[in-house]
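Colleague: Protein sequence lines, in the order shown, are assigned to chains Z and A.
The numbering used here applies: residue 1 is where the first sequence begins, and numbers increase by one.
The numbering used here applies: residue 1 is where the second sequence begins, and numbers increase by one.
Be a bit skeptical, because a hint or two may be false.
Within a straight-line C-alpha distance of at most 30 Å, the following computed DSBU-like cross-link-like pairs (lysine-lysine) qualify [said to hold, decoys possible]: (1) Z:Lys71 x A:Lys103; (2) A:Lys68 x Z:Lys57; (3) A:Lys103 x A:Lys56.
Over 10 Å on every C-beta distance to chain Z, these chain A residues come out as not near it, computed from the model [unchecked claim]: (4) Thr45; (5) Glu58; (6) Thr93; (7) Thr108.
Treat the hints as calculated values from the structure; they're not laboratory data.
Given the structure is predicted, the values throughout are model-derived calculations rather than measurements.
Cβ atoms here follow ideal geometry from the backbone N, Cα and C, with glycine treated the same way.
So the chains spell out like this:
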Amino acid sequence: DTGVSQDPRHKITKRGQNVTFRCDPISEHNRLYWYRQTLGQGPEFLTYFQNEAQLEKSRLLSDRFSAERPKGSFSTLEIQRTEQGDSAMYLCASSLAGPETPDTQYFGPGTRLTVL
Amino acid sequence: DQQVKQNSPSLSVQEGRISILNCDYTNSMFDYFLWYKKYPAEGPTFLISISSIKDKNEDGRFTVFLNKSAKHLSLHIVPSQPGDSAVYFCAATWGLDNFGNEKLTFGTGTRLTIIP
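Chain A on its own, in the form it takes in the complex (with noise of 0.2 Å):
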């Protein structure tokens, strides 16, 4: 059961243009949403967060947009760099209400490869 989906493998964009990954969910608890960016035999490095009473959060070139009805979030970067390239993550969790949160979980991932 895959309560989070990435259903792009991978993504190619050209430097300098806009890089757009999408993130689907299945279960009406999460209320808070993480992305994550993965580069090759490091652990994942925490990029940018929203909870679920927001629906935009922008720091430095990457926003994220959360449309709740539609149970879908996707992670804008603008301009794309080369130093871009690597696996995300999408992740959610719940908790919002509580004493900070409890396990993550996460999609499959998106191979962003940005072409020079």
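Same shape as in the complex, but just chain Z (with noise of 0.2 Å):
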């Protein structure tokens, strides 16, 4: 299967700790998406990188969080010193930015972080 996948699938860490995810998108597209998803909510953007440039950030991306995508491949978000307000499904997304109608983003299974 080639679409998103992300990694690892579940995390629970303590408060305090610092946690770090992985996305490795469909492997022709040049965008990668970052959202976070709490109970009863939709989706909520955090940041996107075309190729290895971080584009926007969206202001619920605290100075905790730091997220990069070095050689435009997979990408890393990483939460430090992580609160219980963290917990949520971190989701990853990719698209292949083109010259046409807006570029469909492609969801991988998420990542769920439990914070203690």
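Got two chains here, separate frames each, mind docking them using the hints?
Modeller: Here it is in structure tokens:
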């Protein structure tokens, strides 16, 4: 299967610890997005990359959050000094930006983070 | 500020009948709309999209209608099947006249249950 993959699928951590998630997009896709989804809500945009450049960050992305896409392929999302409010599903999506209609984003299965 | 609203948290429909899911938006800049379907423990799966230059788009059993003056769109599923039971998210973005799209703004979702 060549869809978007995310690792780990589940992460339980204690408050104050650092966590890192990985996303592998569909191989030819040049755009990669991170979203966060909490219970009863739709996914909320966090940040996105075109190739290795991070082009936009949401105000939801506090200083404790950092995302990278060093070689324009996989991406990592790190949360430092986790708080209980960080508990959520973290979703990654990728797309192939082109000159026609807005590109469709394809989502991975997500990483569920629980902060105790 | 909920720019994309799905006012029905849940909907139950008899198998074989039509399912109609509704979505309202407030941001006049939105010009591209998508529907995603989500099963438990999976990421959202793209279903169908529509741009603001159209008022209807069909793909098999799925049809999306857009009423720009009312800032309203709906997803029709005919006939409904048990496998359609899932949470459906409406999403919106803009950038029809630009190079691809960026972040998606999602509604809170509608849980559709198809009754056999």
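Colleague: If a hint holds in the structure, say so; if it does not, say that too.
Modeller: Evaluated hints:
1. Z:Lys71 x A:Lys103: Holds: Lys71 (chain Z) and Lys103 (chain A) sit about 21 Å apart, inside 30 Å.
2. A:Lys68 x Z:Lys57: Holds: Lys68 (chain A) and Lys57 (chain Z) sit about 29 Å apart, inside 30 Å.
3. A:Lys103 x A:Lys56: Since the Cα atoms of Lys103 (chain A) and Lys56 (chain A) sit roughly 23 Å apart, the hinted pair holds (cutoff 30 Å).
4. Thr45: Not fine: 7 Å to the nearest Cβ puts Thr45 (chain A) too close to chain Z.
5. Glu58: holds (16 Å)
6. Thr93: Non-interface label on Thr93 (chain A) violated, nearest chain Z Cβ at 6 Å vs cutoff 10 Å.
7. Thr108: For Thr108 (chain A), whose nearest Cβ neighbour in chain Z is about 5 Å away, the distance does not exceed 10 Å, so it is violated.
Comparing the model with each earlier hint shows violations of hints 4, 6, 7; every other hint is respected.
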